[in-house]
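Trainee: Generate the whole structure from the sequences, applying the supplied hints.
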Amino acid sequence: MVTVCNVSFMAMFTFKMGELVTDKHVKYILSVEKRKDDFESVVMEHLRMNGAYWGLTALDLMGKLDVVDVNEVVSWVMSCQHDSGGFGGNVGHDPHILYTLSAVQVLALFDKMDLIDADKVTNYIVGLQNEDGSFSGDMWGEVDTRFSYIAICCLSIIHRLDKINVEKAVKYIISCKNMDGGFGCTPGGESHAGQIFCCVGALALTGSLDLVNKDLLGWWLCERQVKSGGLNGRPEKLPDVCYSWWVLSSLIMIDRVHWISREKLIKFILDCQDKEKGGISDRPDDAVDVFHTYFGVAGLSLLEYPGLKPIDPAYALPVDVVNRIFFKK
Amino acid sequence: MASGSSEVEEEEQERMMLRDRPEWADVTPVPQDDGPCPVVPINYTEEFAEVMDYFRAVYLADERSPRALSLTAEAIHFNAGNYTVWHFRRLLLESLKVDLHDELEFIERIAAKNSKNYQIWHHRRRVAEKLGPDARNAELQFTKKVLSVDAKHYHAWSHRQWVLQALGGWEDELDYCSQLLEQDIFNNSAWNQRYFVITRSPFLGGLKAMRESEVLYTIKAIEAYPENESSWKYLRGLYKGETTSWVNEPQVSSICLKILSSKSNYLFALSTLLDLICHGYQPNQDFRDAIEALKIPDLDTQDLDIASMICSILEKIDPIRVNYWIWRKSRLPQVA
Chain A
1 MVTVCNVSFM AMFTFKMGEL VTDKHVKYIL SVEKRKDDFE SVVMEHLRMN GAYWGLTALD
61 LMGKLDVVDV NEVVSWVMSC QHDSGGFGGN VGHDPHILYT LSAVQVLALF DKMDLIDADK
121 VTNYIVGLQN EDGSFSGDMW GEVDTRFSYI AICCLSIIHR LDKINVEKAV KYIISCKNMD
181 GGFGCTPGGE SHAGQIFCCV GALALTGSLD LVNKDLLGWW LCERQVKSGG LNGRPEKLPD
241 VCYSWWVLSS LIMIDRVHWI SREKLIKFIL DCQDKEKGGI SDRPDDAVDV FHTYFGVAGL
301 SLLEYPGLKP IDPAYALPVD VVNRIFFKK
Chain B
1001 MASGSSEVEE EEQERMMLRD RPEWADVTPV PQDDGPCPVV PINYTEEFAE VMDYFRAVYL
1061 ADERSPRALS LTAEAIHFNA GNYTVWHFRR LLLESLKVDL HDELEFIERI AAKNSKNYQI
1121 WHHRRRVAEK LGPDARNAEL QFTKKVLSVD AKHYHAWSHR QWVLQALGGW EDELDYCSQL
1181 LEQDIFNNSA WNQRYFVITR SPFLGGLKAM RESEVLYTIK AIEAYPENES SWKYLRGLYK
1241 GETTSWVNEP QVSSICLKIL SSKSNYLFAL STLLDLICHG YQPNQDFRDA IEALKIPDLD
1301 TQDLDIASMI CSILEKIDPI RVNYWIWRKS RLPQVA
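First to last, the sequence lines map onto chains A and B. Under the working numbering, the first residue of the first sequence is numbered 1, with each subsequent residue one higher. Under the working numbering, the first residue of the second sequence is numbered 1001, with each subsequent residue one higher.
Just so you know, not all the hints are guaranteed correct.
Unchecked claim - Distance windows between CB atoms, simulated: (1) 119(A) <-> 1175(B): 45 to 55 Å; (2) 24(A) <-> 1184(B): 35 to 45 Å; (3) 1065(B) <-> 120(A): 29 to 39 Å; (4) 1175(B) <-> 24(A): 49 to 59 Å; (5) 131(A) <-> 1206(B): 24 to 34 Å; (6) 1332(B) <-> 207(A): 23 to 33 Å; (7) 1065(B) <-> 119(A): 34 to 44 Å; (8) 1203(B) <-> 131(A): 19 to 29 Å.
What the hints assert, rightly or not - Capping the alpha-carbon separation at 30 Å, the derived lysine-lysine pairs in DSSO-like fashion look like this: (9) 1220(B) <-> 237(A); (10) 1329(B) <-> 237(A); (11) 27(A) <-> 64(A); (12) 214(A) <-> 1152(B); (13) 227(A) <-> 1329(B); (14) 1152(B) <-> 1116(B); (15) 1295(B) <-> 168(A); (16) 1116(B) <-> 237(A); (17) 1295(B) <-> 1329(B); (18) 1113(B) <-> 237(A); (19) 275(A) <-> 1295(B); (20) 1258(B) <-> 227(A); (21) 1263(B) <-> 227(A); (22) 1258(B) <-> 237(A).
No lab work stands behind these hints: they were computed from the structure. All C-beta atoms, glycine included, are put in the ideal place defined by N, C-alpha and C.
Mentor: Here's what the structure looks like:
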């Protein structure tokens, strides 16, 4: 009885909303990982660590992480670490908080957390917290609430969140809250869905969501949904698949995801697929890339699209990976 | 010359490979170390790969020389996203004591093709910081240029906010916001900047002092385009921390009534009225008449209190957010 129900649900789902061409996306992601010679790859080589996280997490959500050579990836990740504890975007690149989080997340995907020298990584991140509670991206001092999220997420994963000044970190994030309920990159910065994800995520991971006006922010977030069903990042901007993640995960973290139209968003994301070559683009008929492929798949996972593993909205890792991090003996 | 600008301009003409340049003859390039697959490049990629191989050589040797500085310029031209190259360039600028005004020009040239790039903006800030208050006008001009191409450019706005707070220049900023809003009243970034200015400018006296004039400005904007999310939010923001004043301000409720009576683009007028009611506002019969005059089909308004009626209408006219409006209805203050 259950099987029959599932089959007819799937059939209805696919008929109404279109289909996720999983196999094509897997092939696309693997082809990107292998490519090192063309111009696009050379231009992206400094952020390969981010690219690895996007590609590998998407593969895991589609249940296909096993097609990747674990040892090859893991040894490459470790070769990007510096003495300071931070990781660079690729071999030979300076450390930065962005790539440090991605590195830790990739190792978590492969259940290789034991390779991480938690004290070393912690030292690096703690050193990046400023007097006012904000975080810099690296020794050069750029400040952005993105880095607050990254610091908190990374330390939480390696069970060292208590090593930073959490109270000040939260205080800084709240100082970036705007009158519309959203958050910007720095105090006074325009509310932007990407920055909102970072701030809400950081507040979620530090148990501080009570400081968010969930109703006000929830409305701002659900106002991001436009007629086509896609989500934009700010008022009067075009929809983009990546906002399926930033907006959606934020809504889930504040318990307001039912305020958007799930069906219309699913249809939008599916329309952004390249059904022949695989991959997902920012909006229908544009060129695909790994970044948008990951966010499209992650967004669909949050929307409970059948066949995808569930993803944690705050850690941006599959739920089973998060469970392993926190509950494994 | 120090920033390698003339070398870079020759890019468009015949570009000479580094291995053919006599001034680089003593350097052994260091190839990218990431795998066994042999590189099969197309021409452009070969030039780029070569620049990066030479960059790696000077980076690993920590060579702080004018030729290294020129090389970072070439590398940045190929790929403005490579943050390691920018880092090393900053070290070189320091060691070689380069005139940072030239550097501002260099950054502007790169930004012309690459403006959505965190590295460029961060580099610009580091340079401007070193130049101090002298850089103020250049920075305001630069961001203005970028915003003239893309008036919602997030990095440009972020940089501009930093400039105002670190280097000054507040005096003309409100006018600048008005100009941008005249070009596009829907520009949420410009509304955000307006709020930034009225709340933080040392010359304007703060939110309370600015409230009266700003309410007038915003009401005009709402009248012109009532479907503009930003203007309604701005109006609400003018009463931040003083909800009672907002509820009691006649201009707020009357603009809602005016838009409703126009029967056009009244979604935000309705939602604002709903918010007012939820905070204690008691609408008179005019409001009820205006809502009924909308003649929303399939709406049984007979016994509904006005707030429930508004929610029902919003469920119909904003169906994509039907769950939100249903939730609003469930949270209405109980009617006696």
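Trainee: Holds or violated: residue 227(A) with residue 1329(B), Cα cutoff 30 Å?
Mentor: holds (23 Å)
Trainee: Could one say that the CB atoms of residue 1065(B) and residue 120(A) fall in the range 29 to 39 Å?
Mentor: Check passed, 33 Å falls within 29 to 39 Å.
Trainee: Verify the proposed pairing of residue 1258(B) with residue 227(A), using a straight-line Cα cut of 30 Å.
Mentor: Judged against 30 Å, a Cα distance of about 26 Å means the pair holds.
Trainee: For residue 1295(B) and residue 168(A), compute the direct alpha-carbon distance and say whether it is at most 30 Å.
Mentor: violated (53 Å)
Trainee: Starting from the range 23 to 33 Å, see whether the pair residue 1332(B) and residue 207(A) falls in it by beta-carbon distance.
Mentor: holds (31 Å)
Trainee: Between residue 1220(B) and residue 237(A), is the straight-line Cα distance small enough, at 30 Å or below?
Mentor: holds (23 Å)
Trainee: Check the hint pairing residue 275(A) with residue 1295(B) against an upper bound of 30 Å on the C-alpha distance.
Mentor: violated (45 Å)
Trainee: Is the Cα-Cα distance between residue 1113(B) and residue 237(A) 30 Å or less?
Mentor: holds (21 Å)
Trainee: Kindly confirm whether 19 to 29 Å is satisfied by the beta carbon distance between residue 1203(B) and residue 131(A).
Mentor: About 28 Å separates the Cβ atoms of residue 1203(B) and residue 131(A), which means 19 to 29 Å holds.
Trainee: Given a hint of 45 to 55 Å, does the C-beta separation of residue 119(A) and residue 1175(B) actually sit inside it?
Mentor: holds (53 Å)
Trainee: Confirm or reject the claim that residue 1175(B) and residue 24(A) have a C-beta distance inside 49 to 59 Å.
Mentor: holds (53 Å)
Trainee: Under the criterion that the straight-line Cα-Cα distance not exceed 30 Å, is the pair residue 214(A), residue 1152(B) satisfied?
Mentor: holds (26 Å)
Checked against the numbered hints above, the structure breaks hints 15 and 19 and satisfies the rest.
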